[in-house]
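S.K.: With chain A held as given, fit chain B onto it using these hints.
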Amino acid sequence: MAELEAESTTASQRPRPLSPHLQVYKLTLTFLMSGFHRVTGIALYFGILLLAWWLIAAASGPNAYANFEWFMGSLIGRLVLLGFTWGLIHHTLGGVRHLIWDTGNGLEPAERELLALATIVGSVSLTLVVFVVGYLSMGGPR
Amino acid sequence: MIGQRPNEMRTPMRRVRGLGAAHSGTGEFWHQRVTSVAGIPLTIALIVIVIALLGRSHAAVVQILGSPIVAITMLLFIVNMTYHMWIGAQEIIVDYVHDDKLKLLTLMANTFFCFAVAFASAFAILKLSFGV
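Protein chains in written order, with our numbering: chain A, 1 to 142; chain B, 1001 to 1132.
Next up, chain A with everything else stripped away, as it sits in the complex (with noise of 0.2 Å):
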């Protein structure tokens, strides 16, 4: 009983273990996925307000398409264009991701790293995909 007590009195000077946080864990691949769908969730979230510029442009005439064009293809436009593509690619595959484990499926150590290798080399390979159709359909880069 002494002994138990004197042991509950160095637990409670001992400094009390902290929340872990971000910082503290080692980054694997399945972390940094995870990290990924949140941030490409959020920058889509903002992203979808380049479609509706787009539809509103087109809606309200040849002038405000004409401008919606003009940002479109400035160099900033593309940039923003492409980092939108992928975003969109990324966080659709990292959806089905999620869902596959919906399912129960796919939540082995081997599996997990397989998923999460295939979501970053999916989109980033798709996303130059559709760049490159994208090109190729107005015919070439301009």
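Don't read these hints as lab results, they were simulated from the structure.
Ideal placement from N, C-alpha and C gives every residue a C-beta, glycine not left out.
It cannot be assumed that every hint is accurate.
[What the hints assert, rightly or not] Far from chain B by the CB rule (all over 12 Å, computed), these chain A residues:
hint, residue
1, Q13
2, H37
3, T85
4, H91
5, I120
6, V124
7, V130
[What the hints assert, rightly or not] Take a look, some chain B residues computed to stay more than 10 Å from chain A by CB distance:
hint, residue
8, H1031
9, V1050
10, P1068
11, V1079
12, V1094
13, D1100
14, T1106
15, F1112
16, S1121
[As the list claims (entries may be wrong)] Selected chain B positions facing chain A (in silico; Cβ < 8 Å):
hint, residue
17, G1039
18, I1072
19, M1081
20, L1104
M.R.: Here is chain B on its own, set in the frame of chain A:
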């Protein structure tokens, strides 16, 4: 109150329904899954539509965006995605914003933003379709 602990404020009926403090239970969890499944074909469709319209004149874009199949697809995309992002942003807000006033303000701002994007985009698509 048979079967209840003395400090338990919830009734057995409330526990059985399992709806929790928000009175909506797992409804939004399920809706997020439904909108994510619907989002897969709609996202593919959006990418195809955008590529098909790249570099086209304003008149051609208006005509194609206003055609029934394209307009219906775009409307479905907008409604599905604004609802999906409304739930998603709400989940992020309740995860990170702990101050009550700020939480209520950001939750409200989230609703305003999603409704504004949905209605503005939907109006634009309908205007293109009906040519008013």
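S.K.: It remains to establish, for every hint, whether it holds in the given structure.
M.R.: Going through the hints against the structure:
| no. | hint | result |
| --- | --- | --- |
| 1 | Q13 | holds (30 Å) |
| 2 | H37 | violated (10 Å) |
| 3 | T85 | violated (8 Å) |
| 4 | H91 | violated (9 Å) |
| 5 | I120 | holds (18 Å) |
| 6 | V124 | holds (15 Å) |
| 7 | V130 | violated (6 Å) |
| 8 | H1031 | holds (14 Å) |
| 9 | V1050 | violated (8 Å) |
| 10 | P1068 | holds (16 Å) |
| 11 | V1079 | holds (12 Å) |
| 12 | V1094 | holds (13 Å) |
| 13 | D1100 | holds (21 Å) |
| 14 | T1106 | holds (12 Å) |
| 15 | F1112 | holds (13 Å) |
| 16 | S1121 | violated (5 Å) |
| 17 | G1039 | holds (7 Å) |
| 18 | I1072 | violated (14 Å) |
| 19 | M1081 | holds (6 Å) |
| 20 | L1104 | violated (19 Å) |
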